[in-house]
Amino acid sequence: MQIAIASGKGGVGKSTITASLLYFLKDEYKLVAVDADAEAPNLGLLLGVTEWEEEREHIGAKVARISTESCIRCGICMERCPYDSIYIDDEGNYVVNELTCEGCNVCGLVCPVPGTIALEEARSGVVRKATTKYGFPIISAQLDVGRPESGKLVTEEKEWAKKVMEELNLEHMVVDSAAGIGCQVIASLGGADVAILIAEPTPASLSDVQRAYKVVQHFREPAYLIINKADINPGFTALREWAEREGIPILGEVPYDRAIPESMVMLKPVVEAFPESKAAKALKEIAERIREEIIG
Amino acid sequence: MQIAVSGGKGGTGKSTVAVNLAVALKKLGTELTFADLDVEAPNDHLLLGVELTNEEPVMQFMPRFDYSKCTKCRKCAEVCEEHAIITLKDGTPFLMPNLCSGCRACEIVCPVPGAILEGQRLIGHTYVTPTPYGFTLVTGRLREGEERSMPLVVAAKKKAQAVQKGLLFIDTAAGTGNTVSKAVEFSDLLIAVTEPTPLGIHDTELILELGKLMGMPTWVVINRADLGEKERVYELAKKYGAEVVAEIPYSENIVRSYVEGRPIVLTDYPEAEIFEGLAEKVLKFLGGGE
Chain U
1 MQIAIASGKG GVGKSTITAS LLYFLKDEYK LVAVDADAEA PNLGLLLGVT EWEEEREHIG
61 AKVARISTES CIRCGICMER CPYDSIYIDD EGNYVVNELT CEGCNVCGLV CPVPGTIALE
121 EARSGVVRKA TTKYGFPIIS AQLDVGRPES GKLVTEEKEW AKKVMEELNL EHMVVDSAAG
181 IGCQVIASLG GADVAILIAE PTPASLSDVQ RAYKVVQHFR EPAYLIINKA DINPGFTALR
241 EWAEREGIPI LGEVPYDRAI PESMVMLKPV VEAFPESKAA KALKEIAERI REEIIG
Chain X
297 MQIAVSGGKG GTGKSTVAVN LAVALKKLGT ELTFADLDVE APNDHLLLGV ELTNEEPVMQ
357 FMPRFDYSKC TKCRKCAEVC EEHAIITLKD GTPFLMPNLC SGCRACEIVC PVPGAILEGQ
417 RLIGHTYVTP TPYGFTLVTG RLREGEERSM PLVVAAKKKA QAVQKGLLFI DTAAGTGNTV
477 SKAVEFSDLL IAVTEPTPLG IHDTELILEL GKLMGMPTWV VINRADLGEK ERVYELAKKY
537 GAEVVAEIPY SENIVRSYVE GRPIVLTDYP EAEIFEGLAE KVLKFLGGGE
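Protein sequences, first through last, are from chains U and X.
Straight run, no breaks: the first sequence in our numbering ends on number 296.
Straight run, no breaks: the second sequence in our numbering ends on number 586.
Here chain U stands alone, though its shape is the one from the complex (with noise of 0.2 Å):
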């Protein structure tokens, strides 16, 4: 089974809750962890991995080049640039930023001279496996800042976690997407059997968290809310409500703890560091509705 978490708006404990999550059902299932997060990956970090087995360079961004020699500084690539992605710089000559092109390869067409544009094939970043302290493989990847196509990386991810399972025949892959609804969520939800989607009682994280539900219906997968920070916005009962009317079903509710932070300093999950702590405990339950109502 493929579960994917998700929230649409960062910060409100994708990663953190997880990470909880896994350490409560390692020793039951046969799991593989994907942190499809590749612009700020942190599951790695958070399940205490501190070195990487294996590292594969991911070359499938493409950048656009201009050959200052040839160039006759007509500016029609510059023109045509659908991102506004060419400049010119302090000498007067016409440069590709590499930090927003999206390799297109529009202005390498609309280029009188021929040869004065060329695409070249770039490092998009990296993905990496680790077995975790607690027994199960992690798939991770780290885009090169300001590379495009992160949603790339993430399918990459996710084909490296189903060999990992074969090889290992293991049953169940989990993954903690990005923030956003943008192409590593969607790259996430993709394939996936269930959606986990993690929100807060804000308006800011009920809107995003709205929007991340739209994706996981375009898929047509079960959806599953967790609400984190449940505590903190006492009398907003808008989440709940929205749940209710689309027919979500709530796995529980986990209260605003400062256990949760301070575990993250320490790089363990809050169910680790501070087993106690009414977060864990919350945690725990949710674990277990998991089990009895998704995994089975």
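In short, the hints are calculated from the structure, not lab data.
Misleading hints may appear alongside valid ones.
As the list claims (entries may be wrong) - Derived BS3-like pairs: lysine-lysine, alpha-carbon spacing no greater than 30 Å straight-line:
id	chain 1	residue 1	chain 2	residue 2
1	U	Lys278	X	Lys526
2	U	Lys278	U	Lys162
3	X	Lys371	X	Lys385
4	U	Lys281	X	Lys526
5	U	Lys129	X	Lys508
6	U	Lys62	X	Lys508
7	U	Lys268	U	Lys26
8	X	Lys526	X	Lys461
Claimed, not checked - A short list of chain X residues far from chain U (calculated; beta carbon distances all over 10 Å):
id	residue
9	Leu413
10	His421
11	Asn474
12	Lys580
Each residue gets a CB set at the ideal place from its N, CA and C atoms; glycine is no exception.
Use these hints to put chain X onto chain U, whose structure you have.
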């Protein structure tokens, strides 16, 4: 002038800092336009307590094939870096619209005039919203199910530049990819909001790296400064030549103002002073304001 607020990790308080700093700057007399370029999860309107207005669709080019003119040469499919055009055995092209980035490479290479026609599809919206704080909010909002946020970041930023009065003040998405670099591009100052947990610190390094690659002066604001090891943020900032300009403690007052959509800088809570101090520092940086 242009200032961008970013941070790498999600949920570090980018929007809280951006909204309060913008309100404080306006209070000090700085004319500004606020751009919410977190197009996948735009929330600044909620923090400002306004409803988005003046919706405009963002349409993106997509090729439409006139099969009576198409010579089935396959050039369009070959040139498509997104592999959004597939061809049948005989060369007849078909578009998979979700993969199309709207770059027009196919149109450029097509040798037959009129074989590729102008098609369009909706990828999201921009909004231009007046706020009660004396500045305009420009928001980009990606349509759910769209994979590419870059075209919408470009469209929303252009919209903001078109209505810009005074300083362009930008709030970005989480992450460190090219959509974030597009949002912060051409900023005179990058403000990275972080939290002092190992996760926040890890992602801060990425955003400082981005600031360095883009050659921008970078400031660091430590949010929830009492939850973690803030010394490590100072060390990291020093390594990248960035200045730590403010520390914000974890505060229930800030949480409350956040959920109520009322910037804390307008209240009498002591936390308001942090943002006022930061705004004065920004003013000084801008050279007395614009």
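**Study point:** Hint consistency between lysine 278 of chain U and lysine 526 of chain X [alpha-carbon to alpha-carbon, up to 30 Å]
**Key:** 26 Å, holds
Exercise for review: Given the hint that lysine 526 of chain X pairs with lysine 461 of chain X, test it: the Cα-Cα distance must not exceed 30 Å.
Suggested key: 36 Å, violated
Exercise for review: Would you mind confirming whether the straight-line C-alpha gap from lysine 62 of chain U to lysine 508 of chain X stays at or under 30 Å?
Suggested key: Since the Cα atoms of lysine 62 of chain U and lysine 508 of chain X sit roughly 22 Å apart, the hinted pair holds (cutoff 30 Å).
Exercise for review: May I ask you to check that histidine 421 of chain X keeps its beta-carbon over 10 Å from the closest beta-carbon of chain U?
Suggested key: 13 Å, holds
Practice item. For the pair supplied as a hint, lysine 371 of chain X and lysine 385 of chain X, confirm whether the alpha-carbon distance does not exceed 30 Å. Key: With Cα atoms ~14 Å apart, lysine 371 of chain X and lysine 385 of chain X stay inside 30 Å; holds.
Review point. Would the least Cβ to Cβ distance between lysine 580 of chain X and chain U come out above 10 Å?
Key: 27 Å, holds
Review point. Is leucine 413 of chain X truly not at the interface, in the sense that its beta carbon sits beyond 10 Å from all beta carbons of chain U?
Key: 18 Å, holds
Exercise for review: Taking the shortest Cβ-to-Cβ distance between asparagine 474 of chain X and chain U, state whether it exceeds 10 Å.
Suggested key: Asparagine 474 of chain X is in fact no farther than 10 Å from some Cβ atom of chain U, at 5 Å.
Review point. Within 30 Å, alpha carbon to alpha carbon, are lysine 268 of chain U and lysine 26 of chain U?
Key: Holds, because 15 Å separates the two Cα atoms, which is no more than 30 Å.
Practice item. Starting from lysine 281 of chain U, check that the Cα of lysine 526 of chain X is at most 30 Å away, please. Key: 29 Å, holds
Review point. Does lysine 129 of chain U pair with lysine 508 of chain X here, judged by a C-alpha cut-off of 30 Å?
Key: 29 Å, holds
Exercise for review: For the pair we were handed, lysine 278 of chain U and lysine 162 of chain U, check the Cα-Cα distance against 30 Å.
Suggested key: Roughly 35 Å separates the two Cα atoms, so the pair is violated.
The structure fails hints 2, 8 and 11 (numbered hints given earlier, in ascending order).
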